[in-house]
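Engineer: If you read the protein sequences in the order shown, they are chains A and B.
For the first sequence, the numbering used here begins at 1 and goes up steadily by one.
For the second sequence, the numbering used here begins at 1 and goes up steadily by one.
No lab work stands behind these hints, which were simulated from the structure alone.
Please note that a few of the clues may not be correct.
Here are some, though not all, of the chain B residues that point toward chain A, as calculated from beta-carbon distances under 7 Å [as the list claims (entries may be wrong)]:
| id | residue |
| --- | --- |
| 1 | Lys56 |
| 2 | Val58 |
| 3 | Asn133 |
| 4 | Ile141 |
For each residue, glycine too, the CB sits at the ideal point set by N, CA and C.
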Amino acid sequence: MHDRLGISVSGLFAAGVPFACGLLGVIVANMPVSVLHGLIPPPMFSLMPIYFWCLVRPDLMPPLVAFTLGVLEDFFSGGPPGIWALSFIATYALVDRERDAFAGLSGVGAILGFAAAMLAASVCAYLVAAFVYGRFPPVAPLSIEFAVSVLFYLPVAALLGWIHRRIVGPLRSEF
Amino acid sequence: MANGTWKIARGKGSAQLPLAIFAILAIGLVVLGKAQSSLFDRAHTLYSDSIAPVLKSVGRPFDGVGNWLSGIDGILDVYQENQRLKQENTRLRQWQSAALVLESRVQRYQLLLNAVPDPSIDAITARVIGRDNRPFLDTLILDAGKSRGIKPGEAVVDARGMIGRVFLAGDHTSWVILLTDLNSRIPVVIEPGNVQAIMAGDNSGAPALEPMAQGAAIKEGGQVVTSGDGGLLPNGLAVGSVVWDGSAFRVALLADAATADDVRIVDLKQPPEQPPAVTPSDLPAAAAGLPPLAHVAATPMTTTAPPQNPLPSSTPPAAQTSVPAAAQHGTAAPAQQPNGDDETDDHADQ
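Same shape as in the complex, but just chain A:
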């Protein structure tokens, strides 16, 4: 069903799904409830939809969405503003530049692809945090978050794939 502008309601809905998934990831990861009493930091859920849809439907995951999710991540995490916004944009640039290489990965390779994206985000966040705080923060908490995020990407990628097939649509844009 299309209106006069040629925009379908289902298309509008589908276009909002990647952002909604990212927003949900931001909220879930930053809900100030500690399941394990702070032993393990929450995974970076918000980066997973960015990476996923930046590969399969970059038209639905433009830089604006990545930037907005980064700003929201900064806000909800309570940290200094801009750290994750800049990190997400830097990661987006990396994935956008190497899309062919990332999109060709499957299985364990897909996990490694996300690990590379997460590593880029973590390194960027670390450097920005060092600039903001005026000293280098410890690497250990960020390393644990990196490991937890990569581990959680397995089930989340399966969920995102299901959402993509059922709601967004399997058609990949031509890029």
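Use these hints to put chain B onto chain A, whose structure you have.
Structural biologist: Leaving out everything else, chain B in the frame of chain A:
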């Protein structure tokens, strides 16, 4: 069709311009955040105030699970732990009686010396309703805010020692920056030796110690307490003990923020600073060699306005007091100094 409608024909690298724009925006946000760290503060407090009811109900089961998980390792050696606690309890009872004797002795000495009394300390009990453990931030959210008199900067303690301090206060919630957080820096004293230092968090479990003086003698096992410098935190709050990690001295904290459910927010009430009494010789008339009036000469001046006050009657009463000019202009540092000295003496007594 929907996909066809939304298909954006982007060649490789077509997102370069938007990427550059948003990268510049993000860098601007970083710089703005560094220049004005309180950029999101108001929004944070509104956010925590609004989700406080949800956190109270949702967080309780998770707290239960967390307590259960953190207690698993304790179950395995419960007998040895029980024996150790009994011995420790016996030792602590001996120390308690010694402390009571010393406390009464210190009070007698203070009376004899007419020492400046310690500032009174009130405390508000609050419940931890949220925990945020991120790579660059280590915070708690409490269910008490401005409506209960919480102010930013106040110390937060549990039954064992200091946990952190309030850095944001909303109407009904407040955010606590933990001592382990990267942004936490508090002045402390290491006993014995009365070594002044700054305890700086670095998101590790044990904050680092940065002695104020070069070559300060810090020994492992020394007790770390707050120094009270700056007048925001009370002095003498237990923090932890000194440990050596092979490269630097750190503080093994007494309090465990991960398991703290109920905490106290310590409100340090500094006694109102009293200006020194003015004698008749301080009056301009006396200084000019004129004889003072009889009733003025008979009684030392207080903070009430004297009849000879040259200030016009439209001046507010507070400005008509005979407070020395230095104190009126906020340069009352010398008057604050005795308090600081007293703190040092207290530490020496400890």
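Engineer: Which of the numbered hints are not met once you compare them with the structure shown?
Structural biologist: Violated hint: only 1; rest satisfied.
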